[in-house]
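All chains, full assembly: derive it from the sequences and hints.
Protein chains: 2
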Amino acid sequence: MKLDIISSPLLTDLYQLTMLQGYLDKGMTGKAVFEFFVRNLPPERGFLVACGLETLLACLESMRFQDDEIDYLVGAGRFSGRLIDYLRGFRFSGDVYALPEGTVFFAQEPVVRIVAPLPMAQFIETRLINILQYEILIASKAARCFLAADDRAILVDFGLRRAHGAEAGLLAARASYIAGFRGTSTVIAEPLLGIPGNGTMAHSFIQAHHSELDAFINFCRSNPGNTTLLIDTYDTLTGAARAVTAASLLTREGIRVNAVRLDSGDILTLSKAVRNILDRGGFPKIKIFVSGNMDEFSIRDLLGRGAPIDGFGVGTKLDTSADVPYLECAYKLMSYEGKPRLKKSPGKVTLPGAKQIYRRMENGIMAGDLLTIAADSAPGTPLLKQVMAAGGRIEDPLDLNAIAASAQHQLKALPAHFRRLAAAPPYPVAIAPALADLARETEAAVASG
Amino acid sequence: MKLDIISSPLLTDLYQLTMLQGYLDKGMTGKAVFEFFVRNLPPERGFLVACGLETLLACLESMRFQDDEIDYLVGAGRFSGRLIDYLRGFRFSGDVYALPEGTVFFAQEPVVRIVAPLPMAQFIETRLINILQYEILIASKAARCFLAADDRAILVDFGLRRAHGAEAGLLAARASYIAGFRGTSTVIAEPLLGIPGNGTMAHSFIQAHHSELDAFINFCRSNPGNTTLLIDTYDTLTGAARAVTAASLLTREGIRVNAVRLDSGDILTLSKAVRNILDRGGFPKIKIFVSGNMDEFSIRDLLGRGAPIDGFGVGTKLDTSADVPYLECAYKLMSYEGKPRLKKSPGKVTLPGAKQIYRRMENGIMAGDLLTIAADSAPGTPLLKQVMAAGGRIEDPLDLNAIAASAQHQLKALPAHFRRLAAAPPYPVAIAPALADLARETEAAVASG
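These protein sequences, in sequence, are chains A and B. So for the first sequence, our numbering puts the first residue at 1; every next one is plus one. So for the second sequence, our numbering puts the first residue at 450; every next one is plus one.
Because the hints were derived from the structure by calculation, they are not lab data. Keep in mind that a hint or two might mislead.
Stated by the list, open to error - Restricting the straight-line Cα-Cα distance to at most 27 Å, the calculated cross-link-like pairs of lysine-lysine (DSS-like) are:
| id | chain 1 | residue 1 | chain 2 | residue 2 |
| --- | --- | --- | --- | --- |
| 1 | A | Lys287 | A | Lys272 |
| 2 | B | Lys793 | A | Lys344 |
| 3 | A | Lys31 | A | Lys272 |
| 4 | A | Lys344 | B | Lys721 |
| 5 | B | Lys793 | A | Lys272 |
| 6 | A | Lys287 | B | Lys793 |
| 7 | B | Lys788 | B | Lys861 |
| 8 | A | Lys339 | A | Lys31 |
This is the structure:
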């Protein structure tokens, strides 16, 4: 099955085409360095998680104009023959440096660096931001849920229906799996990405039956390997009692009821009462799964107050990153033909040049980052790695489970207050003297130029 | 060019498949009525705008399983031969009733009603919500921007890069165009949907040149039909003076500079100063275009305080519907085999049965809605219309410009406080006696059942 990501290179901003027309007319095809970074962390996020690199690389590898797309450009009448010839032959052949997916990062730190001829590096901007911002948003929100659950409950993505379009739903399944979720309700994520599917029944299934008990029994007979019963359609405690009845009847048929799901009401109180009903009914192994408006705070609070919950379905607030639906992120020209560049717009000043991040660890815990020029070296581990040379991957794509394992390992290396989602001073990111010097020199050159 | 919407029917929740397995095993294929509605309006929205119907109908018409998708389902091992045979032959053949796109609507009012055999009506749920919620969110946010601009400035969608994935960017261009925007920066929206493209240059274009003036001149020579100059890369007022210089030089070559764009800083003060520089420089016809973190409030405030702005690029906050990134919307079973159904979960009680909305107008202004059962009739205009019968469209798809004209006409018929985006009492939506009676009877039947 093909990865059904929208791949048209016309998924771009018109200004990329008009700028390319200008660059090509003036022969401005020298080497450019662009970096993607987040200017400021939103107050609701103490850290972010790099994500979307594999999606981006797949997009860069397959970025080609089809004949009908070229025909449209010709017919539009605003583009030169020179531009159209360039686009007809477009193949991404640049170098890419990036934080491995799952890397924790902070404001001003480059996540991806593109080194390519100016028109090529410019042309890919829109889709690059479109992919990276969204997967970072979701991985970062999911990481917070993962830290809140703290290995006490499993998490599953339920967000497709409220994601912003289909692609968002698919990418949210991917990003949340990297950040510690165990599965998704989105069916297509299993064949496309290998993410385990999860899900059972909606309220309509119960309503369509003459009785809740009938619905439970019919469902389990038809899906003996997937037996989670939704018990809140009419009354949760009555539903729990009927789940016990159903489980007793089904046991005689060799079918085991795996879990019940609560989707509304006072979850703390109800989960305890339901646990009690199940235990007294002789089914201490039936798990309790909860959904409905969940996020990192409800997960932390419910588990912290002793709610006997084994798993959470996290939907809307995950797939829309509801409290932080966008990032102040940018993809900026850092140097052109070897000369560093910067932007001085108020509130949007950039650090010029190609950069590297060095991370220091103390006793396995992140202790501070240093941001410097790429040519510099410093104590700690350099975080950006080259992943593409002249348009070709340096290594085969990583397995999603390997990315997820690495991401979860890193999340556990966050300083404790970040793991607790507590308010805390920002993580220390220092600017090295070499980078500060370059910024000063570049600014002086711009001011005098 | 094909409409590159992700069309796989596996873009669904796993529970749709497990429920279908249950329905098919029990022969539960009777006629079901589902309705999509919004439970409660978010406090930030006094009204919503129906949108996404054409996208949904196109999706329903083309919903087919491909061989590789069936192969996946067979290989997954959890699905019965009966279910797989059903899905292999799946064609949507239901009836669809809907509010025409662009119709203003309120909480509890059905936006779309699906009448189809139970498994078919159930199966389409996930993608139906996924499409409708997002287009409604964006049309509703765009409508607020349109009302704030009040014909004093034009609006353009700039949001693709921060939209949640590519499909969201494309659908946002569509939904905002319906609600009064004049164009989009998203190139593919022009060939696919006929929405005019818009856009000029990024800061990187300026930075890549030796001087801002060179950048302006090169750009206009390469794009003489599309000459908006971005003037805030280094200093906005200096940039405005250079735009005057560029315009003077270019005039001799027969190239007219159309506009300047401001993207940062104190826009109110800067736009006035820039207007002054352009006027004194002899270019009173050069327009001022503004972007950067715009929304309905900044548009209203800037124009209300006399900022001489001719157009706004609205990006991030539009395409993410940043203040309301999701709706409390639902697609619920309203009746099965002619019997009304309801859900009683706390806070989520539904009004049973197929419903219709009657809207009263007074002097061309919306005066109140009545929600009743579909079989009832009442004063005013019924808003839901049948758009599909047995899977076939009743009429050809409407032209996007016709939809947009109708939507904008309706927005101007909103009561004045809604048009001013002011806090106000909710718009009156009454429940007719026939519907209230049905709800009581259905609840009594459930309680005794």
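Hints, verified against the model:
no., hint, result
1, A:Lys287 <-> A:Lys272, "holds (12 Å)"
2, B:Lys793 <-> A:Lys344, "violated (57 Å)"
3, A:Lys31 <-> A:Lys272, "violated (63 Å)"
4, A:Lys344 <-> B:Lys721, "holds (21 Å)"
5, B:Lys793 <-> A:Lys272, "holds (21 Å)"
6, A:Lys287 <-> B:Lys793, "holds (23 Å)"
7, B:Lys788 <-> B:Lys861, "violated (40 Å)"
8, A:Lys339 <-> A:Lys31, "holds (10 Å)"
In the structure shown, a violation is registered for the earlier hints numbered 2, 3, 7, in ascending order.
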